[in-house]
Amino acid sequence: MESFKKKYWKINLKYLSILLSIWFLVSFVFGILLVDELNTIRIGGFKLGFWFAQQGSIYVFVILIFVYVLLMNRLDKKFGFDK
Amino acid sequence: MDLQFWTWIIVGITFAIYIGIAIWTRAGSTKEFYVAGGGVSPLANGLATAADWMSAASFLSMAGIISFSGYDGSVYLMGWTGGYVLLALLLAPYLRKFGKFTVPDFIGDRYYSNIARSVAVFCALLVSFTYVAGQMRGVGLVFSRFLEVDINTGVIIGMIIVLFYAVLGGMKGITYTQVAQYCVLIFAYMVPAIFISIQMTGNPIPQLGFGGMDENGVYLLDKLDGLHRDLGFASYTSGGKSTLDIFFITAALMLGTAGLPHVIVRFFTVKKVSDARKSAGWALLFIAILYTTAPAIAVFSRTNLIETVSNKEIDKLPDWFKNWEKTGLISLEDKNADGKVQYFSDTSKNELTVDKDIMVLANPEIANLPNWVIALVAAGGLAAALSTAAGLLLVISSSVSHDLIKKMINPKISEKNELIAARLSAVVAVCVAGYFGINPPDFVAATVALAFGLAAASFFPAIVLGIFDKRMNKEGAIVGMVFGILFMLFYMMKFKFDWFGGGTEKDWWFGISPEGFGTVAMFANFITSIVISKFTPPPPIKVQKIVENIRIPSDAGNATH
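The listed protein sequences derive, respectively, from chains Y and X. With my numbering, the residue at position 21 of the first sequence is 21, and numbering never jumps. With my numbering, the residue at position 456 of the second sequence is 456, and numbering never jumps.
Please note that a few of the clues may not be correct.
Said to hold, decoys possible - As a list, the in silico DSS-like pairs of lysine-lysine whose alpha-carbon atoms are at most 30 Å apart:
{"id": "1", "chain 1": "X", "residue 1": "Lys241", "chain 2": "X", "residue 2": "Lys496"}
{"id": "2", "chain 1": "Y", "residue 1": "Lys5", "chain 2": "X", "residue 2": "Lys470"}
{"id": "3", "chain 1": "Y", "residue 1": "Lys5", "chain 2": "X", "residue 2": "Lys534"}
{"id": "4", "chain 1": "Y", "residue 1": "Lys6", "chain 2": "X", "residue 2": "Lys271"}
In case anyone wonders, no lab produced these hints; they're calculated from the structure.
Make the full structure from the sequences, and use the hints.
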């Protein structure tokens, strides 16, 4: 049972590290660190870096949470922790 | 019908709804008072969290701040939404599994120490009080502009309403009024935004509209960058702050969001762990609707403002200009006496001063929208301020009645007396908040933004380590929290209040502003905690079992004392 729980926790940590890397990438990297470079690319009226900082990162944040909800619901079910 | 009539009608109806809900959802037990009985659906909790979260500052000031700072305003947009990812992934599910009533409950039990609990109570009160004073002020401002009552009378009306449903309903009353308040505030925010987006770009979706073109086929953002260049301001889409400072401020706001007690407790109100995750998703979705609209409003109103007033004859300025001039929030001084408005970045030539806070409030008037839309904005601003104030007051009252009285001073207190104590502390908290709303101390404006730094520096590391580091002990956590919050307070007082020798912008350490320093203090807290825990005994087996238990979502049970 203990190793069973440990395995569940490990998978959870793996999900966390992947999703939080994306979280960091869209906000801190695209929206802040690389903003000038990305601003040379344009999508319609938006410069891409500016768009990530004021729009894109927020959309990705919402998607990240719902992806986590789906992944964890599936994982809980697989391990029988969904009761 | 005139504006004031509409405002009384719409504000009156919304207030009647809030009071009706409060009577209908009275709290009968401490569990209902602290966590709404623990059976709130994820969707309702998402709505309530969104209203709880979006304060007078989000609703009234944010678009205006972005409007005047362009790209630099992104720190608020990313900072105040990105924190929810941390909440959903790192905190909410585990705290819900832990199943207690308050944040100091978690800190006190996880670190098996009443000292840790007291430090947490102190931090919770400090953060919540600095935050709530600003909300009451916001209520007063809306009343004074739209209903032409004195600011202080406005604050008192707001106090009575909040008192009514926070004291009567506790968390249960607050939750369901917040659901209603979210609906009011989002409707009030979106209606003028959609109207203006259609007017300026022909696109009804503001999020797309501000990347669109005006009637001459020029992209709106390019036009605004051009206007800014002509008037000598920094380019709208690139801003003026240093990259490092933007990075640190954004991080401090995100980490602070995830550490604010009034947001965290909302996740104690749902039935199970998976509901806590889900409601964080709903909450961010509902928040994102407003937060992705705000930068669009910022661009629309900035362009509108410059085009309406810059280089125009003073006698021919529209009515809204004169209305707002009366409040002192816009002022004009014809320095070169040519009868025209000169609006420049250069202060020696500039003749126009516009307060950031009026951009959202004046926007519908600038765009010539009907009176009922303007009245709606007033009701929305009140909903935003009241819902946040109520959430904060609940944290304050439960810190006193539950964490201080029940857990430390008198553990034998009966359920009935604890409920009375909770209600009494809510009354006292409302009065203190109202007092600060009427007599705002100078530091209020400065500290509301800094409340995030304080939360990031104190709670965030203690909670995250409590969940993810089984070896973390009371010595590490207590010293970390105390050091983190003192370090943050020191930097804030030095550079904001001129204590400890003071200093100006060029004395900032590594160019990091006090607003961004929360990130540094948070790292200091993390490192201190980890180092100290290595040299002190591990936590008792019983506590290690608690940590193992909160990592597994099943059998969450009900929230208990």
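Status of each hint after checking the structure:
1. This hinted pair checks out: lysine 241 of chain X and lysine 496 of chain X have alpha carbons roughly 18 Å apart, not beyond 30 Å.
2. Restraint check: the Cα-Cα separation between lysine 5 of chain Y and lysine 470 of chain X comes to about 14 Å, which is no more than 30 Å; the hinted pair holds.
3. With a C-alpha separation of about 25 Å, the suggested pairing of lysine 5 of chain Y with lysine 534 of chain X holds against the 30 Å cut-off.
4. Annotation: proposed proximity of lysine 6 of chain Y to lysine 271 of chain X holds, straight-line Cα distance about 25 Å (limit 30 Å).
The structure is consistent with each of the numbered hints, conforming to all of them.
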